[in-house]
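**Student:** Protein chains in written order, with this note's numbering: chain A, 9 to 366; chain R, 9 to 366; chain U, 9 to 366; chain D, 9 to 366.
Since the hints were made in silico from the structure, they are not lab data. Hints are not guaranteed to be accurate.
Note: identical chains are not told apart, hence a pair may lie in one copy or across any two.
Claimed, not checked - Below 25 Å or equal to it, Euclidean Cα-Cα: the simulated SDA-like pairs (lysine to any residue) are:
{"#": "1", "residue 1": "Lys75", "residue 2": "Gln150"}
{"#": "2", "residue 1": "Lys75", "residue 2": "Pro40"}
{"#": "3", "residue 1": "Lys346", "residue 2": "Ile22"}
{"#": "4", "residue 1": "Lys212", "residue 2": "Arg92"}
{"#": "5", "residue 1": "Lys346", "residue 2": "Glu186"}
{"#": "6", "residue 1": "Lys346", "residue 2": "Glu335"}
{"#": "7", "residue 1": "Lys212", "residue 2": "Thr144"}
Protein chains: 4
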Amino acid sequence: MLVVMKAQATPEEIQAVCEHIEHLGFRAHPMPGAQRTAIGITGNKGEVDRGNLEELSGVAEVIRVSKPYKLASRDVKEEDTIIRFAGTDATIGGRNLAVVAGPCSIESREQAFTIAEHVAAAGAQFFRGGAYKPRTSPYAFQGLGLEALKIMAEIRDRFGLRIVTEAIDNASLELVAEWADVIQIGARNMQNFSLLKHAGHMRKPVLLKRGLSATLDEFLMAAEYIMSEGNYEVILCERGVRTFADHSRNTLDLSIVPAVQKLSHLPILVDPSHATGKRDKVLPMARAAIAAGADGLLIEVHHQPDKALSDGPQSIYPEQFVRMMDEIGQIAPIVHRKLPRGLHIDTTPTETHAAHVK
Amino acid sequence: MLVVMKAQATPEEIQAVCEHIEHLGFRAHPMPGAQRTAIGITGNKGEVDRGNLEELSGVAEVIRVSKPYKLASRDVKEEDTIIRFAGTDATIGGRNLAVVAGPCSIESREQAFTIAEHVAAAGAQFFRGGAYKPRTSPYAFQGLGLEALKIMAEIRDRFGLRIVTEAIDNASLELVAEWADVIQIGARNMQNFSLLKHAGHMRKPVLLKRGLSATLDEFLMAAEYIMSEGNYEVILCERGVRTFADHSRNTLDLSIVPAVQKLSHLPILVDPSHATGKRDKVLPMARAAIAAGADGLLIEVHHQPDKALSDGPQSIYPEQFVRMMDEIGQIAPIVHRKLPRGLHIDTTPTETHAAHVK
Amino acid sequence: MLVVMKAQATPEEIQAVCEHIEHLGFRAHPMPGAQRTAIGITGNKGEVDRGNLEELSGVAEVIRVSKPYKLASRDVKEEDTIIRFAGTDATIGGRNLAVVAGPCSIESREQAFTIAEHVAAAGAQFFRGGAYKPRTSPYAFQGLGLEALKIMAEIRDRFGLRIVTEAIDNASLELVAEWADVIQIGARNMQNFSLLKHAGHMRKPVLLKRGLSATLDEFLMAAEYIMSEGNYEVILCERGVRTFADHSRNTLDLSIVPAVQKLSHLPILVDPSHATGKRDKVLPMARAAIAAGADGLLIEVHHQPDKALSDGPQSIYPEQFVRMMDEIGQIAPIVHRKLPRGLHIDTTPTETHAAHVK
Amino acid sequence: MLVVMKAQATPEEIQAVCEHIEHLGFRAHPMPGAQRTAIGITGNKGEVDRGNLEELSGVAEVIRVSKPYKLASRDVKEEDTIIRFAGTDATIGGRNLAVVAGPCSIESREQAFTIAEHVAAAGAQFFRGGAYKPRTSPYAFQGLGLEALKIMAEIRDRFGLRIVTEAIDNASLELVAEWADVIQIGARNMQNFSLLKHAGHMRKPVLLKRGLSATLDEFLMAAEYIMSEGNYEVILCERGVRTFADHSRNTLDLSIVPAVQKLSHLPILVDPSHATGKRDKVLPMARAAIAAGADGLLIEVHHQPDKALSDGPQSIYPEQFVRMMDEIGQIAPIVHRKLPRGLHIDTTPTETHAAHVK
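Only chain A is shown next, with the shape it has when bound in the complex:
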């Protein structure tokens, strides 16, 4: 159920409607829009009596929502959600393309700094690196944990990059929310509803990856889990689905980009690195994602992929990343986007790292 407020409704009227809803035993989710505010009603204790609500001051209309997701739907909020980061001009959603780049795993301070320097210089606004790794094998490298989070916090300070990293359970979620700027929920946890709910209590944006066999409805319902707990800053991410096809690790399903944008106001990024699993497919699919209208990219970059502790074969070289940024920068205006200009810090490669750039 959704209460649409009149354009001229006052903050007091909105507040009164929310209190009325809560008083009835439901939960109110005010969603301010450019024109007017809509208030989503959630709670699974039964039916709301529409009559009373329509009579409250400032209410324009009460509508029953047919989609199983509400807060993620354009029915509730028509305008695109744009996620902003205090103290920077980095955004996710809106006209500016968001580029999140970095290694699969943080392996050492030196490795992380080398790669961060490259991607910052090339114009990325976000740095990604795994601290907690959900590995298929219990015997594989599981990540450096808190140590990696601290390294990435230093990277934020040094290069001005916002930090995106994955949480794999409630314990790591608390730490990621404390140290990073965006909490990533991985594909294998897309229906870990307990984790989604906890992420809904955090005050940091959540980047939610599509599960390997998730339908569009399930994907938006997973976002709804986070939003229904009060955290409305959810960023969706397509990373390939599992099919019979064997020429790429997963099958990148770019048609979900316009499909999401039709139904939901949430931004959607694309991760061509995990989808293809092969370095030589990353650039073509990165270009295709931007051309399809995605709000940005997640890209794995490594200066020594052959020595990477995880996912080396799909990491691109820094010089390929530069080329990719150039190419998507050219495609951007065709889809009414732009690549925000480089950061206002000195990103000239230092002597130590310059050798890595060919």
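Mind docking chains R, U and D on chain A? Use the hints.
**Tutor:** Frame of chain A, contents of chains R, U and D only:
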């Protein structure tokens, strides 16, 4: 890496080899077999020096394991794993078929007792019922939680049924391990590695459902996660995979039964209720599962499926369950199995519940 | 559109209704049932005026069919279709299980006779062998063609087995219809609509295999193509679908057996050999298919699978086939079926072939 | 097996090697390249003796090909295949993007001319329209057949567009080869090997659509079937594969574009209309295809899609097609392509048709 002990090796020799392995910084997993003991070595800090191990007293052979899973593999343990429950003759694995039956969710004490009485009378040894439900929608019924666990503990006392119920996070895992007999990990959590590791620290058997798009290797690797933490009592469960086919909710992949049995010593059950999602497909698929060689079944039973709070359309009626037990009891000897005889308690339907049996 | 005649309608009345339908420019398909006759109306030139039809003598009811398939539907014909073969008691559909066995390809007269003798002795009523092979590679063995058809005709004479073999185009279709008893249309041709239409003009039953990614509706629509041309003797066959799972060649989807039986009167067989692609999975899946309610099996048998020119790894040995027949014979009564007793000919292995039976 | 000739080998030497191969009972496929000629050897009668071949005059090297396809492989022909059309500058493959546009089915002369005029004016070089339609239902519109072919021949004369249309069996193949410029083989016939072989005997290029569940290897093997009969002008076309995803009709698998280009010299087009099945997804996926590096597009265009006899919902309006051409024209230089300039004929909408352009 796997150390195979001589048939006549003494417990002291086995102990000494384990200590040597731990001293090297690895973890030793002694797996006693009917003929001799094998010791699995896990830990991801590098290579073990095979030379030293082969020279230890009582060691027959040291072999490198090529499969990514070790403890779940028949290479480590050739004999089928049979899981026993103290104080009962209920087993999972081995000659006796294991039948786990009950409602999708525990909705009330009366509902649970009614169904338990029916399934016990028909010869089930295990009762299943959801206390914590991983629902696609945040607005759907999420289960009664601890209250449901307590109801099921009463059912164990009253009907002698062992209790199987799902844990969805670490908090519910602790409670399920305390109150139930088997901890279920659902399909959507099959690669929730954090949860798998915690389940590996519990001292109760774990029933692990195959993920919706999990390969056989990933399925066994998920079992390996639990086993690598020291809990070797893992029960696998096929419950359908996601495909393009739309005549059943998921596609039940029965060929994984002989495939698992070839590679692994772990028992495997089949859940035709979740796989098909349709009442009229449950009996045919239950018969097919037993004919294919499965170690048992998970079946949703409800006396009033139209009023069920979840999964009503796939729950069979108690009288259908009786018929199913009769049919699989006839198939059992053809695959060298048997249905253990009814429990030694009075299962005559009481007045209160008799009306439900037509 | 479907015209249901009264139970007491005379042949003349049925004939008159058909002529009326044809006169209107449509095609009439009389489908006699145990109780009464239904007449399907097909033709894509627009709407039939229901009024006139309902007034004709002997008409009970005129109903609009909502399913895209009509002639394949139980709406048109409620009773199961049983396909009979003149001069034998072999049937497909009904109480008797139909077992079709033989090599993937006919390689030589000796090979074919050796295998035919084995499968006849074990109780198969149908012999299968490829004369025209649809191979993925143009450089692979493509079959012996007409020579193979002639060898199989000899096998029919010698062992009393009915012959099932595949047609891959119109030319081979004519020859198969001339020499064999059942025309097989392979999975890759399930939507070769031109071939389906031609098969609809033949006066021999058609065994139609499900396409690798065909939905249930598409499968029944392919049968409808054959039936809409006047050939109502269609036998469906599940042979596995393509999924991400890699432990078997395809994923055998047994739940389509009860799904087909609910919607259609046509018999459905199961081919576990092509579905699994692995010898050790064939018997478990054959048992499962019969337990699920299938009308019979297609099984690849070869006495020297290592020397087979195609599909050796999935062919079972003659002694495994004997065991399979024994096992499904035991399961049959549980699903109200039976395995018809051996043929009334001398199937004692002759000297020449006896050596192959261990 | 592949014979690589020296760069300076004479035509006579090449001819002599081919004759030697044919004399041995194999088939020789000379493939002239920019640098030198390679000769593919096909035929399934056994092993070629490499020794003799290496000693022939002009031979540089004899190499064994490990891939199951040979003629379609870059091993045999390193340079991209560019297909040219006599009397025009239209090409498929190479720097120029190829755009094939038109209605799903030819419904009438007026409908076809109206659409042809629009797409020619917008810069398409190829016109597509169905004459023979492979429809899932036997009761659906099956196409106008020869009448449609004649209408399209008129369109070629009037607008200078090359004609692409589908053949569904040998009879229609002969007619399509006679009347059209490119023979299309549909997704459902990708493994209709009999049809592929016949197409291999035609002297017109063949546009081969990927089957709904075809792997990359199967796709290239289907092309190999055509090529092995002597027709080397094969154009591949990705049109979506069947997956569990339900937000688009099929899942467009763009990663096959770089995957094909790595292994094969054949051009590959993308059909976003059939893949998505929805008008509002066509432009985003068309842009994405070009950005991924495809050699061109197949697009369904209809001026009155609501009245179309087939596939209306996925046909874009002429004005959307103009916008699409503009957008891909802007993306083209980023991937080192260009959209060839408009045709040298008068494409000013005539009075009759002008009204359709808004």
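**Student:** Could you run down the list of hints and mark each one as holding or not?
**Tutor:** Evaluated hints:
For the identical chains of this complex, lysine 75 and glutamine 150 are inter-copy neighbours only, at 19 Å across copies versus 39 Å inside a copy, given an alpha-carbon limit of 25 Å. Only within a single protomer do lysine 75 and proline 40 lie at most 25 Å apart by alpha-carbon distance; the minimum there is 20 Å, versus 46 Å between protomers. Taking CA atoms no more than 25 Å apart as the test, lysine 346 paired with isoleucine 22 passes in neither setting, with 36 Å inside one copy and 55 Å between copies. Only within a single protomer do lysine 212 and arginine 92 lie at most 25 Å apart by alpha-carbon distance; the minimum there is 11 Å, versus 47 Å between protomers.
Taking the shortest Cα distances, lysine 346 and glutamate 186 never come within 25 Å of each other, neither inside one copy (31 Å) nor across copies (50 Å). Taking CA atoms no more than 25 Å apart as the test, lysine 346 paired with glutamate 335 passes in both settings, with 12 Å inside one copy and 16 Å between copies. In this homomeric assembly, lysine 212 and threonine 144 come within 25 Å of each other (Cα to Cα) only across copies, at 23 Å, whereas the closest approach inside a single copy is 27 Å.
Checked against the numbered hints given earlier, the structure breaks hints 3 and 5 and satisfies all the rest.
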